[in-house]
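Novice: Single-letter residue listing:
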Amino acid sequence: MTNGLDVPPGTDPLLVDLDQFHGPLDLLLHLIRKQDIDIFDIPIARITQQFLDVIGEMGRLELERAGEFIEMAATLVRIKAQMLFPRRDDEESDDPRADLVRRLLEYEHFREVARALERAERDRLRFHPKGFVEARPRPSLADAPLETEWDELWEAVLALAERLDEPEPSYQVQGRLVRIDEKIEQVLRMLSEQQRVEFAALVAPWGTRMHAVMSLLACLELAKRSTLRLRQASPFAPLWLYRREEEPDAA
Amino acid sequence: MRHSRLIEALLFASEAPLSPADLARVDDGLDEEQVEALVAELKQEYDDAERAFTVFEIAGGYQILTRPEYAPVLERYDTVPLSSRLSTAALETLAIIAYRQPVGRAEVEDIRGVGAGGVLKTLLERDLVEVVGRGEGLGRPLLYGTTRYFLEHFGFRSLEELPRSDELAVILAQKQPEPDAT
Amino acid sequence: MRHSRLIEALLFASEAPLSPADLARVDDGLDEEQVEALVAELKQEYDDAERAFTVFEIAGGYQILTRPEYAPVLERYDTVPLSSRLSTAALETLAIIAYRQPVGRAEVEDIRGVGAGGVLKTLLERDLVEVVGRGEGLGRPLLYGTTRYFLEHFGFRSLEELPRSDELAVILAQKQPEPDAT
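Protein chains in written order, with my numbering: chain E, 1 to 251; chain G, 1 to 182; chain F, 1 to 182.
Hints were generated in silico from the structure; no laboratory data involved.
A hint or two may mislead.
[What the hints assert, rightly or not] Here's a subset of chain F near chain G, in silico, CB distances under 10 Å, partners left out: (1) Ser4; (2) Pro20; (3) Asp47; (4) Glu50; (5) Tyr70; (6) Thr79; (7) Arg105; (8) Leu120; (9) Leu124; (10) Leu162.
[Stated by the list, open to error] A few chain F positions that, by computed beta-carbon distances, are all more than 10 Å from chain G: (11) Glu8; (12) Ala13; (13) Ser19; (14) Asp31; (15) Glu45; (16) Leu74; (17) Arg85; (18) Lys121; (19) Arg134; (20) Gly145.
Even glycine gets a Cβ: it sits at the ideal position worked out from N, Cα and C.
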């Protein structure tokens, strides 16, 4: 065998029709999975050579697609070069293959999802809608502007409060456990909508000490993960949370 | 599969009327006369059950269509402006979500004492509420909160500005009923 | 006219699923909960009579469709319209948009490792995805999300029904910021 692969004839992973691949990641995954290679320990020299061999055959590919494959080839060659430098044992995270592995796994996952969608589509097509329908405009709520005003909603709130009025109403929020991951989600959500959020705004809807404490813990956790930055101009001044990438002086 | 149901499926899913000859092709054991009898039977079933649709003979073939008396309703429906006001059910559900977010459907239903599926869909479609996370427990229920559009529409800058008063204590304090409490 | 028959007429004459809110518009005296009960009743009638079609819940609404066991027969008739199926490139792109929405073209291209312009155009034209906003950063890129028709096409009741797998948790977790290694 010219390519030096120890696979039986007839299953040569290089005997592929490039047109059946939906991009360089698809092709790489094919080479890895067909040869039962451990994706976390890719023999990068061998895979690079195989990849180059395959795209060497791709004269008939149109230019745009060729570019995508060549870009991946360049990445592989660069990783291969980096692998030649000795690494210190304690630097696991510096494996030059790490990013490629992440991309491959991510792509493989979505390829699986796409297959599941394909099955769902096939199943759905077994249900047939009415063949003949007269043309009718499709109604949609989005076409009607919402006219409900706040006082209507407020009335509903008050009516609800009255209806729920128990003999011994409790004037404290109680019973509901406050979880730090809920708070983290809340902070992330608010920061996805606004560039900065005042800490007080996080706590205000609930206004209890437990919520305040858990919100603060959530912020500290996110600050540690470098997702946000906390800023307070002076002690007792309002505390602001900034989305990390929005920080003007961030590197 | 019963012949009559094969014919029903074909009449329903076809975009054009089907002649007795077309329909008879569905099974070797069928001839046109049998098809005509089966179609008549189908029509009788629709008429007996007072379905809103029935079988019509059009251009030498059969087709299932809504009865003519529904035409004005269907036409009016297309021109009726969509309701631009929230129903009472929607208002109450929105109130609970606004003040208790993040909150799951089960909790909303417990408070109102009725199902909230349809109302939640309307509020989601209206972009007044959104899924903000998943709760703990069986099936990790979706948790709902109000949207930025909710604040915009009702003129608040943040949830903080929602009015609060002693009367609301109950809404705010209502404990989530324990699943095992009887 | 009975409410149940008005709803039947609407469902029968509609080419897309109708939500409880859509259906409730047909009569002032109807609310969404009543609509849901009436639709359930209608479905029961179809099931009891073993009709070839029944009411299905799809994309947040209801639609009358033939039962799947009739598909092989229906597909033999050229009067029954056939929907075309999506290409692998389109399915992969949709998979990414469905899970990552709102998501920009650059992220889609990064994950698939190929250009997404042509596929996105097709998906937009077929009303499977839509522009849902603009991202931060250079050029404020367009962000895409799936449409209600996306749910219809795949027969999902809501996005919650998207296929899930154990790996998904891993992949989604990676989108979160990495915790400090220290």
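Novice: Now, for every hint given, state plainly whether the structure supports it.
Specialist: Hint check results:
1. Ser4: Because about 9 Å separates Ser4/F from the closest Cβ in chain G, which is inside the 10 Å limit, the hint holds.
2. Pro20: holds (4 Å)
3. Asp47: violated (13 Å)
4. Glu50: At about 7 Å, which falls below the 10 Å cut-off, the nearest Cβ of chain G leaves the hint on Glu50/F intact, so it holds.
5. Tyr70: Because about 4 Å separates Tyr70/F from the closest Cβ in chain G, which is inside the 10 Å limit, the hint holds.
6. Thr79: Constraint on Thr79/F satisfied, holds at 4 Å.
7. Arg105: violated (24 Å)
8. Leu120: Hint violated; Leu120/F Cβ to chain G Cβ min 24 Å, cut 10 Å.
9. Leu124: violated (21 Å)
10. Leu162: With a minimum Cβ separation of about 13 Å from chain G (threshold 10 Å), the hint on Leu162/F is violated.
11. Glu8: violated (4 Å)
12. Ala13: violated (5 Å)
13. Ser19: violated (6 Å)
14. Asp31: violated (6 Å)
15. Glu45: The assertion about Glu45/F is violated, with a minimum of 7 Å to chain G.
16. Leu74: violated (5 Å)
17. Arg85: For Arg85/F, whose nearest Cβ neighbour in chain G is about 18 Å away, the distance exceeds 10 Å, so it holds.
18. Lys121: Given that every Cβ of chain G is farther than 10 Å from that of Lys121/F, nearest at about 26 Å, it holds.
19. Arg134: Arg134/F is indeed farther than 10 Å from all Cβ atoms of chain G, at 14 Å.
20. Gly145: Given that every Cβ of chain G is farther than 10 Å from that of Gly145/F, nearest at about 12 Å, it holds.
Checked against the numbered hints given earlier, the structure breaks hints 3, 7, 8, 9, 10, 11, 12, 13, 14, 15 and 16 and satisfies all the rest.
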